[in-house]
Amino acid sequence: MVQINEYFKIALRNLRMRSLRSWLTILGIVIGVFLIISLLSLSEGIKETISKQLRALGGEMIFIMPGDLSNPIAMFLGGAELQKEDIEAIRKTEGVDRVLTMSYKSVVARYEDEGKTVFLAGVPWEEGRDILEKFQGWSLEEGKWPIPGKREVVIGQQVAKEIFEEKVKVNKEIILKGRRFEIVGILNSLGSKTDDSFIYMDTPIYKELTGEKRDTAQYVMVKIEEGALADKVAEDIKENLQQTRKRRAGTDVADFSVITSEKMGDIAGNILSIIQFAIIIFAGIAIVVGGIGITNTMFTAVRERTREIGIMKAVGAQSSAILTIFLFEAGIIGFSGGVGGTLLGAIFAKVIEKYGQAHPVVYFSAIISPGLILFGLFFSFFVGCLSGFLPARRAAQLKPVDALRRYE
Amino acid sequence: MVNSLIKLENVWKVYKLGKVEVVALRGISLEIAPGDFVTLIGPSGSGKSTLLNMIGLLDAPTRGKVFIKGKDTATLSEDELSHLRGKTIGFVFQEFNLLPHLTALENVALPMIFQEIPEETRRERARNLLISVGLEDRISHQPAELSGGERQRVAIARAFANNPELVIADEPTGNLDSETGKKIMEILTNFHQKEGKTIAVVTHDPHIAAYSKKTVNIVDGQTSINQVKAKKALWSK
Chain A
1 MVQINEYFKI
11 ALRNLRMRSL
21 RSWLTILGIV
31 IGVFLIISLL
41 SLSEGIKETI
51 SKQLRALGGE
61 MIFIMPGDLS
71 NPIAMFLGGA
81 ELQKEDIEAI
91 RKTEGVDRVL
101 TMSYKSVVAR
111 YEDEGKTVFL
121 AGVPWEEGRD
131 ILEKFQGWSL
141 EEGKWPIPGK
151 REVVIGQQVA
161 KEIFEEKVKV
171 NKEIILKGRR
181 FEIVGILNSL
191 GSKTDDSFIY
201 MDTPIYKELT
211 GEKRDTAQYV
221 MVKIEEGALA
231 DKVAEDIKEN
241 LQQTRKRRAG
251 TDVADFSVIT
261 SEKMGDIAGN
271 ILSIIQFAII
281 IFAGIAIVVG
291 GIGITNTMFT
301 AVRERTREIG
311 IMKAVGAQSS
321 AILTIFLFEA
331 GIIGFSGGVG
341 GTLLGAIFAK
351 VIEKYGQAHP
361 VVYFSAIISP
371 GLILFGLFFS
381 FFVGCLSGFL
391 PARRAAQLKP
401 VDALRRYE
Chain B
1 MVNSLIKLEN
11 VWKVYKLGKV
21 EVVALRGISL
31 EIAPGDFVTL
41 IGPSGSGKST
51 LLNMIGLLDA
61 PTRGKVFIKG
71 KDTATLSEDE
81 LSHLRGKTIG
91 FVFQEFNLLP
101 HLTALENVAL
111 PMIFQEIPEE
121 TRRERARNLL
131 ISVGLEDRIS
141 HQPAELSGGE
151 RQRVAIARAF
161 ANNPELVIAD
171 EPTGNLDSET
181 GKKIMEILTN
191 FHQKEGKTIA
201 VVTHDPHIAA
211 YSKKTVNIVD
221 GQTSINQVKA
231 KKALWSK
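As you go down the protein sequences, you meet chains A and B in turn. When we follow this note's numbering, the leftmost residue of the first sequence carries the number 1, and every step to the right adds one. When we follow this note's numbering, the leftmost residue of the second sequence carries the number 1, and every step to the right adds one.
Treat the hints as calculated values from the structure; they're not laboratory data. All C-beta atoms in this analysis are idealised placements derived from N, C-alpha and C, irrespective of residue type, glycine included. Be aware that one or more of the hints could be misleading.
As the list claims (entries may be wrong) - Covered stretches of chain B (in silico footprint by chain A; criterion: 3 or more residues with CB under 8 Å from a CB of chain A, positions within the stretch not fixed):
hint, stretch
1, 22–30
2, 212–219
Said to hold, decoys possible - Taking beta-carbon pairs under 10 Å as the criterion, some of the chain A residues facing chain B (in silico):
hint, residue
3, Q3
4, Y7
5, R13
6, V184
7, T216
8, Q218
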C-alpha cells in the first residue's frame, strides 16, 4: 500500500502536465455538480419552507374556496364567491367547530399623501384571531391586534415596507375609500408576497366600508372539532355544499374546492417532487456530458502516453499499477469538479436566497446540508472513476512490447 | 544447465501483418549464464530486437520456450512477469525512454516504486546510482535539460535501480556520437566488472561487440555463434 501514495503523486503530476485540458475537463464536471447542488439546495429549501408553513397550519384545518382548484387562475380572477347559504351549509356540517370567512377586494389606500392600490381583507377578529394565531401562524412584528368593531387595521410586511415610498409606521393613519383608519399593528411575514400585500380589518367594518352586505365570502377556513377526522368532515362539507348548490342553481357542477391542510401539503409536496425529479434528470444529463468529457480526455491521455505506459511496464509496473494511476487521474478530475461545483453551487444558492429575501416572492432559505455536500463530492469522484475506467483498463492491458514499439 | 539466467529453447516469433506472416525468429536457442557479457549482433531487420524482447520478457514467443532462472515464463501471469521483470531485469533503450516530466532522480527511483521500496531508500539509492554514472550535478534536472549522453547515463542508472541480475541494452549507443558511446559502454563494462552483473547488449556495431566476451550473431532470425559463417550467410543472400 506504500505505492498507492506514489501512484497518486504520479497521477497528480500527469494532470499538471496537461493542465489546460485537465481544467477544461474539470469545468465540465463543475457545471454539472453546480447545477445539482444549487438547484437541489434551493428546492430543498422551498420544500422545507412549505412544510414549515403547513406545520404551522396544524392538521385540522379545512379550506373552502369557490371555483375549481384545477383551474386556479380562473378561480382567483373569476371573483367567484361562496354565498350565505353555502356558508350556512358548511357551518351545519357535522364535525365543524368554527367557520372563518374571509373576503377581500382591492382598494386605493392613501398614506402620507401617497395613493396605492392594495388588497383589503375582512377577517372576523373576535372569533378568528386565535385560529389565525395558532393555526395560521399569524404574529405581530410590532403594535397590537385591532379591537373588534373599532376602525383599526393591521398591515402585512409588503404594505409596511415595499408598497409605499414612505415606510408605514404603527399608530399612523391610513385612508381607505376616503375614510380614516388607524394602523395598530404590523404583521410578521405570512410566507408569501401576496398575503403580505394585504390590509386586514374586522369583517363588520369591511362590509360597511365596501358595501358588501350579502354575507358572502371568497375564502372559508374551518376548524374542525377535536377528534373529528379532517378527511371525513371535508367529504361531508363537499356533499352539503353540492346539495345546497343543486337546490339553488339546479346544477351539480362542483364550482368550489374543499381541501384539508394535509392535502394542500401533499399537493405542494408532489409538485415539488416533480420539480426536483426534473432537476435531477437535467443535472444528471449535465454530469453525464461531463463524464464523457473525462472519458475522452483520458483516452487521449492513454494514446499520448502509450510509450510511457510501456516504459513503466518494462521497469516492473503491474497492470494494477497502471490501472490505479489512470483511475486516480480520472477520479481527481471528477473530485476537483465536485469541489468546484459544490462550492459554486452553494454560493449561488446563497446569493439567490439573499436576493429572495431582498425581493420576496416566496420566503425560503437554501438548505445546503452536509449530506448534500458529501453527496456532491463523492458522486463526482465516482463519476470520474467510472468515466475513467475504460481508458484506464485499456492502458493497463497494453502489452509492454506494443507500448514500447517505436512510432516512426 | 539449471543455473542459467535466461534460456531460450527453439523460440519462434511470427508476426501477422494483415494476411502476411512475417517470421522474425526461426527456432533460436540461447543461454545466458550469470556473469556473462553477451553481445547480440546483426544487421537491422535480422530479428535482434525481437530476440531482445524475448530475453527481456517483454514479449511472448509464438512457439518455443523461455525460461528465467529455470522457470517457464509461459506459466507466469502478466502481472507476475511484470514483477519479475522489474526485479530481475534492467533495460537500457536506444532512445533512452525516460519519463519526460520526471527528474533524473525520479526516473531512477521509478522502478523501485513498483518493488515497494520505501521512499527514503529509493532516494538514497537513486542518488548513489546517479553519482556512480557521474551525474551528481544533474540529479534534479529533467530529461529535456540533459544531453543525449547524460540521458543514457540516467537510463543506465535506472536499469540498475532494483539491483537486477541482468541488464539488457538495446543499441545503447545508437543515438550517440562515438565518443559518448564509448563512455556509455565503459560505464556498462564497469558495472559488469565491478559488480559482476550479467549484461546483454544488442547492436549492429562491431566496435561495441568488442567489449564483450561472447558474441551471438543473428541473421534472418537465426543465431550463429561463428562469425565467419554468419558473414557467409549474409553475403550469400
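Right, here's what the structure says about each hint:
Chain A is given as covering the stretch 22–30 of chain B, and this is violated because 0 residues of the stretch bring a CB closer than 8 Å to a CB of that chain, at least three being needed. Coverage of a stretch by a chain is defined here by at least three residues with a beta carbon nearer than 8 Å to that chain's beta carbons; for the stretch 212–219 of chain B and chain A the count is 0, and the condition is violated. Taking 10 Å as the C-beta contact cut-off toward chain B, the hint placing A:Q3 at the interface holds, the least distance being around 6 Å. With a least beta-carbon distance of about 8 Å to chain B, the hint placing A:Y7 at the interface is held under the 10 Å criterion.
For A:R13, the shortest C-beta to C-beta distance to chain B is roughly 6 Å, which falls under 10 Å, so the interface hint holds. Checking A:V184 against chain B by beta carbon gives a least distance of about 76 Å; that is not within 10 Å, so the hint is violated. For A:T216, the suggested interface contact is broken, since its CB lies about 82 Å from the closest CB of chain B, more than 10 Å. Because the smallest distance between the Cβ of A:Q218 and any Cβ of chain B comes to about 75 Å, over 10 Å, the interface hint for this residue is violated.
Checked against the numbered hints listed earlier, the structure breaks hints 1, 2, 6, 7, 8; every other hint is satisfied.
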